[in-house]
Amino acid sequence: MAATAPTATVPAGSGYLDAASAEPLHPSGREALLTALHDGWADPARLHREGRRARLLLDQARESVAAELGARPDEVSFTSSGTQAVHLAVLGAVQARQSAARGPGHLVASAVEHSAVLNAADWLHRVSGTAVTLIGVDREGRADTAEFAAAVGRDRTLLACLQSANHEVGTVQPVAATAAECERARVPLLVDAGASAGRLPIPAGWALLAASARKWGGPAGVGVLAVRRATRWREPFPADDREGRRVPGFPNVPEILAAAASLSAMGRERAALDGALRALVARIRAAVPERVPDAVVYGDPADRLPHIVTFSCLYVDGEALVTELDRAGFSVSSGSACVADTRQPSHVLAAMGALTHGNVRVSLPRSASENAVTAFLAALPPIVARIRQTVAADTAGVTP
Amino acid sequence: MTQRQRRGTRPPSPARPEDAAGSAAAAGGPPPSLTLDALGRKCPIPIIMLADRIRDVAIGQVIEVLADDPAAKTDLPAWCALKSHEFVRAADLPVGWSFLVRRSY
Numbered sequence: 001m002a003a004t005a006p007t008a009t010v011p012a013g014s015g016y017l018d019a020a021s022a023e024p025l026h027p028s029g030r031e032a033l034l035t036a037l038h039d040g041w042a043d044p045a046r047l048h049r050e051g052r053r054a055r056l057l058l059d060q061a062r063e064s065v066a067a068e069l070g071a072r073p074d075e076v077s078f079t080s081s082g083t084q085a086v087h088l089a090v091l092g093a094v095q096a097r098q099s100a101a102r103g104p105g106h107l108v109a110s111a112v113e114h115s116a117v118l119n120a121a122d123w124l125h126r127v128s129g130t131a132v133t134l135i136g137v138d139r140e141g142r143a144d145t146a147e148f149a150a151a152v153g154r155d156r157t158l159l160a161c162l163q164s165a166n167h168e169v170g171t172v173q174p175v176a177a178t179a180a181e182c183e184r185a186r187v188p189l190l191v192d193a194g195a196s197a198g199r200l201p202i203p204a205g206w207a208l209l210a211a212s213a214r215k216w217g218g219p220a221g222v223g224v225l226a227v228r229r230a231t232r233w234r235e236p237f238p239a240d241d242r243e244g245r246r247v248p249g250f251p252n253v254p255e256i257l258a259a260a261a262s263l264s265a266m267g268r269e270r271a272a273l274d275g276a277l278r279a280l281v282a283r284i285r286a287a288v289p290e291r292v293p294d295a296v297v298y299g300d301p302a303d304r305l306p307h308i309v310t311f312s313c314l315y316v317d318g319e320a321l322v323t324e325l326d327r328a329g330f331s332v333s334s335g336s337a338c339v340a341d342t343r344q345p346s347h348v349l350a351a352m353g354a355l356t357h358g359n360v361r362v363s364l365p366r367s368a369s370e371n372a373v374t375a376f377l378a379a380l381p382p383i384v385a386r387i388r389q390t391v392a393a394d395t396a397g398v399t400p
Numbered sequence: 001m002t003q004r005q006r007r008g009t010r011p012p013s014p015a016r017p018e019d020a021a022g023s024a025a026a027a028g029g030p031p032p033s034l035t036l037d038a039l040g041r042k043c044p045i046p047i048i049m050l051a052d053r054i055r056d057v058a059i060g061q062v063i064e065v066l067a068d069d070p071a072a073k074t075d076l077p078a079w080c081a082l083k084s085h086e087f088v089r090a091a092d093l094p095v096g097w098s099f100l101v102r103r104s105y
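Line order of the protein sequences matches chains A and B.
Take the first sequence: its position 275, counted from the start at 1, is 275 in my numbering, and no numbers get skipped.
Take the second sequence: its position 5, counted from the start at 1, is 5 in my numbering, and no numbers get skipped.
Since the hints were derived computationally from the structure, they do not count as laboratory data.
A portion of the hints provided could be inaccurate.
FRET-style restraints, in silico, Cβ to Cβ [what the hints assert, rightly or not]:
(1) B/Tyr105 / A/Arg156: 45 to 55 Å
(2) A/Ala282 / B/Arg89: 30 to 40 Å
(3) B/Pro30 / A/Gly136: 24 to 34 Å
(4) A/Leu37 / B/Val95: 49 to 59 Å
(5) B/Val95 / A/Trp123: 28 to 38 Å
(6) A/Arg102 / B/Gly60: 50 to 60 Å
(7) A/Ser21 / B/Tyr105: 38 to 48 Å
(8) B/Arg89 / A/Ala385: 26 to 36 Å
(9) A/Ala385 / B/Pro30: 35 to 45 Å
(10) B/Pro30 / A/Ala282: 40 to 50 Å
(11) A/Leu34 / B/Leu93: 51 to 61 Å
(12) B/Val95 / A/Asn119: 22 to 32 Å
(13) B/Ile59 / A/Ala279: 37 to 47 Å
The beta carbon of each residue, even a glycine, is placed where N, CA and C say it ideally should be.
One chain only, chain A, in its complex shape:
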């Protein structure tokens, strides 16, 4: 360890605190993956014995995931990612309800949706002129239900989109109330459950549902799209006969099976895991503002995801913070502009009116330990203090 690195009391690997980006593969998923690599490699559309065996595994996975998500098996399709599931949900639902005679229509989404939703909405706007209304949020990131109700009541509203919970700050969204308004207005509701699937029960009231296996301890490269039987949906891209004609291409049966096994395991463990992770998150939420001057914790304190906690430290560069934490053995993500894929700061934090610089999102994997959190809370204050000193030195002379 370099002399400049702070004391890292956290054992190698246990400082991984970015489960909201990717939860490590669940042991049940790993076991299922190895079995399925052996038994499920063939084309499940073929009628020979190898194909039938793959088909059987795929059907089992579909039934299992459908049960966990509160869907019927024939409503569930597997995609290659959560993002692809969202794109197919948005484009397919809108195109099924668009008509040349009545114009390009209108789409409603909260301002804090995952970028997959916002990018699909923006694409529809550019390609077909669909109007897009983004619904504002309160200081905790919760969408305004009254504003949502007014927007879905607008003529020719084709689709409403609301996440189950926010992926950056953890606040649970008012899906039930919004679903009731959508039903009244006869507008289908897409619930992006990417952040919460496997962590919280799926809220009722969705017409379309999207999720990502990587977030619940399944492998990367598996997403889920569910479309209620009564919901109109039309394939937005060239289709083939796979996945109920909703997703083109050969499904990755082994990884889908692993995803299903991980989701079932998370469901079985949820009662025990939920309380343990909430206690650790509560500890971080209380300790950060106590130990770090000028730090602000974001997101609803109670009505929230069990594993995510987000805060911003004034006068600190987010990239420096993530880099220094990584050197100390802690892997976190950040919504600060310099860390994001784009040069723009997090649209979630901006919509909340929250500080976008010095931002850290800690998200606890199922293996998160009390020790790792203790070590993180010990490492953070000196790192923030050191970065502030450096930035102050760099700024000196700018303000004479």
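Let chain A serve as the given structure and place chain B on it in line with the hints.
Quick look at chain B alone, frame taken from chain A:
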């Protein structure tokens, strides 16, 4: 420079007339007593400059920050809310924005 005091104990000093570029006047809004040029500086630098200099204007007076980092559009108002200073307004400039902040205490 190591320990730069940002919160509270820095003694007030008179506004420097050469800093008062007055670009806020053109955009409408109260005339600033002091203008800080943070154009080309990434957040959090514009916020740090503001925190360093807010006590250089009298209570009730307005300080202007010029910045072009998109994060400043969110972070200037967020800083004002956290520190209980009044965020007066943001106005577009040919490049970036002019932000007006009134010192509240």
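Against the structure, the hints:
no.	hint	verdict
1	B/Tyr105 / A/Arg156: 45 to 55 Å	holds, 51 Å
2	A/Ala282 / B/Arg89: 30 to 40 Å	holds, 38 Å
3	B/Pro30 / A/Gly136: 24 to 34 Å	holds, 28 Å
4	A/Leu37 / B/Val95: 49 to 59 Å	holds, 56 Å
5	B/Val95 / A/Trp123: 28 to 38 Å	holds, 29 Å
6	A/Arg102 / B/Gly60: 50 to 60 Å	holds, 56 Å
7	A/Ser21 / B/Tyr105: 38 to 48 Å	holds, 41 Å
8	B/Arg89 / A/Ala385: 26 to 36 Å	holds, 34 Å
9	A/Ala385 / B/Pro30: 35 to 45 Å	holds, 36 Å
10	B/Pro30 / A/Ala282: 40 to 50 Å	holds, 44 Å
11	A/Leu34 / B/Leu93: 51 to 61 Å	holds, 60 Å
12	B/Val95 / A/Asn119: 22 to 32 Å	holds, 27 Å
13	B/Ile59 / A/Ala279: 37 to 47 Å	holds, 44 Å
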